[in-house]
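All chains, please: the whole structure from these sequences, using the hints.
Top line first, the protein sequences correspond to chains A and P. So for the first sequence, the UniProt record's numbering puts the first residue at 1; every next one is plus one. So for the second sequence, the UniProt record's numbering puts the first residue at 1; every next one is plus one.
Keep in mind the hints are simulated off the structure, nothing from the lab. We treat Cβ as the ideally placed atom computed from N, Cα and C, and that holds for glycine. Be a bit skeptical, because a hint or two may be false.
[Unchecked claim] Rough simulated footprint, nothing fancy, chain A against chain P, three-plus residues with beta-carbon under 8 angstroms:
{"#": "1", "segment": "143-151"}
{"#": "2", "segment": "164-173"}
[Unchecked claim] Part of the chain A face toward chain P, derived, beta carbon under 8 angstroms:
{"#": "3", "residue": "E48"}
{"#": "4", "residue": "L75"}
{"#": "5", "residue": "D79"}
{"#": "6", "residue": "A95"}
{"#": "7", "residue": "H175"}
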Amino acid sequence: MSRLRLAHVAIGNLRDVSLEVADGEIVCLSGASGSGKSRLLRAVADIEPHEGDVFIGQDEQSSMPGHVWRRRVMLVPADSQWWFDEVGAHFPSEARETVPECLGLGLDVMNWPVSRLSSGERQRLALWRALAMAPEALLLDEPTANLDDAMTRAMEDWLLEETRKRSLAVLWVAHDHSQIGRVAARHYRIHRSLLEPANGSD
Amino acid sequence: MEVIDLAGWKLALAALLVLALAGVSLSARLGITRSLLVASARTGIQLTLIGLVLEALFASGQLYWIALLATVMLLVAGREVMARQQRRLRGPWAFGLGTGAMFVSSFSVTILALTVVIGPSPWYEPQYSIPLLGMMLGNTMTGVALSLDRLNDAVWRQRAVIENRLMLGQNWREAVGDIRRDAMRSGMMPSINAMAAAGIVSLPGMMTGQILAGSPPAVAVKYQILVMLIITAGTGFGALMAVSWGSRRLFDERERLRLERLVKTSS
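The following block contains the structure:
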């Protein structure tokens, strides 16, 4: 039911973006830097003014308050922010009790000061923080940008598994073609002002 | 007790002190000589003019003249609040918001103090209403300007944090909660500090003036206590209102942060 659907979304240079992401499906977006990938995600999360309609299941974006929408359609930005002193304060209380093994961080990380986290650790924890809020759709902006190869693969496997288990609709901005090949059910590329389906050959 | 009037040439003696300071700062190249002289001249001219206005006002005692002066004071204070923010809301919002907050808080508190506490007759008797409103506006202006400046600046700097909090599904109030509280606090702190230091560190100007003008210190002290209490209340409520309205305006109906509604004040 929690299918994510974009109908004629326009933001910045991008025009007429229409696409659907089914439950448990990962759709990748790629494009040159500055092509508007991140802004498109911001439009879908309704964090920036835009044209066109976005639906989660049957519900239209504007049919509910902004914060309700964003709780259901959650954007994880490339550069996550941490505002409390302790890591655990950023998580809902149940999520403080468990830290997924593949993050490579013990449960103790919840008591760490945020300043102790490396950028890669922040990025992994930001994904866990978003998942812990139990959204229906996830918008990921280069979620493995600061990670080494081994950790990137571990995170991909974990995200694939969580996507299926929670039947999430995932829109994933990536630039690494081998990563796209590993995780995406479908792949779109931004070309000038339009979103085009990319075939596997390139 | 008869008050000693000050002759004009005696004030000129005091002005000589400032001239001496200006000479020293000129030779020390402090770079403030000009503003020192301009500010001194402005004090002299502005206060002389307001003295004439007050003389005329006291003589007439009409409500509409008092209301006119009060309005002018409010508008000037509103302009000042706007100028004191490094980043302010675009368009008429910056002026309207600061002026509105000051109007609601200072006018209602002043009228309350006049009618309920002091009780002159008529209640708008200019001898009481104008100085009281002036002190209220002066302090509320500081509080409102400080808190709005703090709010806008913090929101500007913490854009990424606020947006990340929004992305996690927090509503706009939660996402700027810390910043709002901080801004409200900073608007209230000066008057709280002034109350804490009153009488020990500093002899408040109003009380000093009243005593100089011949009031018994016990009466002057009671007026000073009244004034400080209502100033704190007025400033506090003014800051609360300004920050609530101002932070609401930084978000749109979809609870999106709209930083383009802020402009940098050219100074």
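Ascending list of hint numbers which this structure does not respect: 1, 6 and 7
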